[in-house]
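*Asks:* Note that the protein sequences, when read in sequence, are chains X and W.
Take the first sequence: its position 152, counting from 1, is numbered 154 in our numbering, and each next residue is one higher.
Take the second sequence: its position 177, counting from 1, is numbered 179 in our numbering, and each next residue is one higher.
Be a bit skeptical, because a hint or two may be false.
As the list makes no split between identical chains, a pair holds if one copy fits it or if it spans any two.
Result set (DSBU-like, lysine-lysine): computed pairs, CA atoms no more than 35 Å apart in a straight line [stated by the list, open to error]: (1) K391 to K59; (2) K458 to K338; (3) K383 to K59; (4) K49 to K346; (5) K435 to K325; (6) K411 to K327; (7) K327 to K311; (8) K198 to K333; (9) K100 to K182; (10) K198 to K56; (11) K56 to K327; (12) K327 to K391; (13) K56 to K431; (14) K452 to K470; (15) K24 to K191; (16) K406 to K49; (17) K264 to K350; (18) K59 to K198; (19) K210 to K198; (20) K257 to K350.
If you're looking for bench data, these hints aren't it; they were derived computationally from the structure.
There are 2 protein chains.
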Amino acid sequence: MAKDFTSRSEDYSQWYNELVVKADLAEHSAVRGCMVIKPYGYAIWEKMQAQLDKMFKETGHVNAYFPLFIPKSYLSKEADHVEGFAKECAVVTHYRLKNAEDGSGVVVDPDAKLEEELIVRPTSETIIWNTYKGWIQSYRDLPILVNQWANVVRWEMRTRLFLRTAEFLWQEGHTAHSTKEEAIEETEKMLDVYAKFAESFMAMPVIKGFKTPSERFAGALETYCIEAMMQDGKALQAGTSHFLGQNFAKAFDVKFATKEGKQEFVWATSWGVSTRLMGALIMTHSDDEGLVLPPNLAPIQVVIVPIYKGEEQLAQISEQALKMKAELEAKSISVKYDDRDTHKPGFKFAEYEFKGVPVRIAIGPRDMENGTVEVARRDTKEKEVLQQKDIANKVEHLLENIQKNLYQKALDHREDNTFKADSWEEFEKLINKGGFVLAHWDGSAETEEKIKDLTKATIRCIPLNNKKEEGKCILTQNSSSQRVVFAKAY
Amino acid sequence: MAKDFTSRSEDYSQWYNELVVKADLAEHSAVRGCMVIKPYGYAIWEKMQAQLDKMFKETGHVNAYFPLFIPKSYLSKEADHVEGFAKECAVVTHYRLKNAEDGSGVVVDPDAKLEEELIVRPTSETIIWNTYKGWIQSYRDLPILVNQWANVVRWEMRTRLFLRTAEFLWQEGHTAHSTKEEAIEETEKMLDVYAKFAESFMAMPVIKGFKTPSERFAGALETYCIEAMMQDGKALQAGTSHFLGQNFAKAFDVKFATKEGKQEFVWATSWGVSTRLMGALIMTHSDDEGLVLPPNLAPIQVVIVPIYKGEEQLAQISEQALKMKAELEAKSISVKYDDRDTHKPGFKFAEYEFKGVPVRIAIGPRDMENGTVEVARRDTKEKEVLQQKDIANKVEHLLENIQKNLYQKALDHREDNTFKADSWEEFEKLINKGGFVLAHWDGSAETEEKIKDLTKATIRCIPLNNKKEEGKCILTQNSSSQRVVFAKAY
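Full structure from sequences and hints, please.
*Replies:* Okay, structure coming up:
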């Protein structure tokens, strides 16, 4: 399985590309920039979706569905938004095909030209706020706490599976509030939901922070984000939550009557995570032997492989294996018993290792005699022989342990690769080494841009509750009151 | 709530349109033909999705995701398919917008024209079979049992919320098999899944049958369907399952090596249900007081409304109400306790009646004294006073009873409106009255077409396991071996 598989140290980028395809997670489609998410990859995404959806509902949100298409003119209604989104997008201009006169197939029917072109949604603020106008009259209609699971399209020129694709799957929350305070509270609440999900389910530590003004979402007054560090030291923005102020309410004229009977513009937030999280998950934990999945998101948490000669032995082992399977499933652990006779145990071991199954149980004739099984964990590749008695409890603890270990390992990696720089020379050296560099910045967009030009590093975020510390900007020596997080990023 | 609400007898079509909007299920969007599915409507769709997804997985299927876009040339690869689908569809011709020179907004960038136009998927057979080509080499790779939850677009000129919209949500199963027999078995298995779902969850009786050749899916050798009768006697096709033979395998050159080493084309099926089921659900059960939902699909199964004067009384009642709520929830019954002080009980009663909540529990000061509650069921509008003791069991049984009653009522309605016609005169009279008419047909597409022209009725299906019966075609008097189901349809 791991043959012809590039190692991380050889070429990290190539390692990632190969892993996604060889582990059956996704592949490129015939449509430029669009991916096919294969069943094994989609099963992981479904687990992410289910957990996030649960957390959204627990925080009072409901789901709805808005149109795929956005009238072209809508994108222009919010000044910043049009700059950010109305560029690289898929444009529908016609609504009919007809048979080619030469019989060669079908051609676009020139008579079926749309009066106004439709844009395949790159994000849905405009169509949603146009809809909210009809839903909101008074303070009694607020808040609106709506989320949508959908596909979106941004015509990226350079694409990578999961990390940057023309079409991707995501959720976008769009909420409407009667006060600024409530909207900010919502923005922060959803950032916390994302951070909790990343840390507890993806086993991926994140830094919560604000984006600088130049990295904000087009149309937002404040963009909050969670930033994670990949194994190569690069940052990956894993989720964003935007405080939109009254910008979209003003653009679409959405007002409400206050308790006192005054007309005021509505306050807005939006927040989203996408199939990009799949890329983050893969790059945080996987190794040169393939995928490593945290138990909380693994479609198969435990695989049981029988080692046998002949049908009689298989029958005996299967009886015991299926008993274990039932015991594990009673604890809501997902188990696969792989008794295929078309593949040898060694092949199966390699396959499940490559696919990141957290725990593998092997059971052979000697185990049957001794009442034991061999239990191997994917994260550390340690193996131990355990008594079959009480195996479900032992495996349950092992899965918890693996989940914690993966998180701790990722946290240690981040801490080992987070540095402070106090001179430009030091900064350049550290940034090129890879990792997060905490450094002073004078707060100007110009300096930010210049640093980016010189090093390719961007300010990933200004951490929430950042420690105040007097210092001098790494580039300009102008005064600064805090360090910000610099890194090269995906 | 039910004010300004058209009754079914006044105008059935208008009644439906108003109900969908007034019950907060869906509304028209600013994009022609595309709907917004509102949170209450989406919550019902989510319950449908969850149950169907469970049933698909129980029958061995997995989910995946394929691109939204299909290269134009793909549609032409299967001869019948292009006739059926390559007509009214959304065509993406450009991938970029730019600022208008006159500053009036954004315009399509003529330099960003696609070499080959992309079609927003009207269905995904072509892009999926193009993908399967890479997945299938040998019999060991089969069967492939994949389902996709997705949005699709068909540019309908006359649209109605849920029943016919340009964009709709659906699931499409696409399976690949090594033998014809296995593919037919799959086609029938999924028809059974749909029928079971319709009857057990939607409380909607259906007839399982075959479509006539002229009503088949474009590219199918056989289309199976489930047909339901709405309250106005019209038929609604609620789901289809297609045996595609080797048509798509041939179009996309998908072959596999058999156990014997021969190269053969792969056998295919596809099957789907859509948000159209929402229309079917609404039209099967609802009445002149609004929506009626079967308990198995109701987002709120029980609502508890307190009847009180003053905060002290509310506090006492709330304590009891919340205790009941917890007891009901322990039985996995979804309960809303509506203690809003901004609305009177009468308003709340009308609102939940209109929204089809199956059971309403009212609790007031006299109930507190007597240890009782008033329980009203939405389907029959009967009310009874019950002891609070053991209320959760009673309500649980009541919900089961409502579910059964709705199914039985719909079944009785269908039986009362299913007729046999043995002469053309009789046929015309019955068809215009509304309902299903069982009549002989000579099996020719010409006759079918002529009957449609004369009466607007179509052959809904040839029932599975249809009783053989010698007779003469209702129109041509040619001989016929069985009756088929005629009806006007949505």
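*Asks:* Indicate, hint by hint, whether the structure satisfies it.
*Replies:* How the hints compare with the structure:
1. K391 to K59: between (39 Å within a copy, 31 Å between copies)
2. K458 to K338: Neither: 45 Å inside a chain and 53 Å across chains, both beyond 35 Å.
3. K383 to K59: between (37 Å within a copy, 31 Å between copies)
4. K49 to K346: The answer is within: 30 Å in one copy meets 35 Å, while 42 Å across copies does not.
5. K435 to K325: neither (51 Å within a copy, 61 Å between copies)
6. K411 to K327: Within one copy only: 29 Å inside, 44 Å across.
7. K327 to K311: The answer is within: 21 Å in one copy meets 35 Å, while 57 Å across copies does not.
8. K198 to K333: Both: 23 Å inside a copy, 30 Å across copies.
9. K100 to K182: Between copies, since 33 Å is at most 35 Å while 52 Å is not.
10. K198 to K56: Result: close both inside a copy and across copies, 13 Å intra and 28 Å inter.
11. K56 to K327: Classified as both: same-chain Cα gap 27 Å, cross-chain 20 Å, threshold 35 Å.
12. K327 to K391: within (13 Å within a copy, 41 Å between copies)
13. K56 to K431: neither (44 Å within a copy, 54 Å between copies)
14. K452 to K470: within (24 Å within a copy, 83 Å between copies)
15. K24 to K191: So K24 and K191 pass the 35 Å test across copies only (32 Å; inside, 38 Å).
16. K406 to K49: both (18 Å within a copy, 34 Å between copies)
17. K264 to K350: between (69 Å within a copy, 27 Å between copies)
18. K59 to K198: Classified as both: same-chain Cα gap 15 Å, cross-chain 29 Å, threshold 35 Å.
19. K210 to K198: within (11 Å within a copy, 48 Å between copies)
20. K257 to K350: Between copies only: 26 Å across, 61 Å inside.
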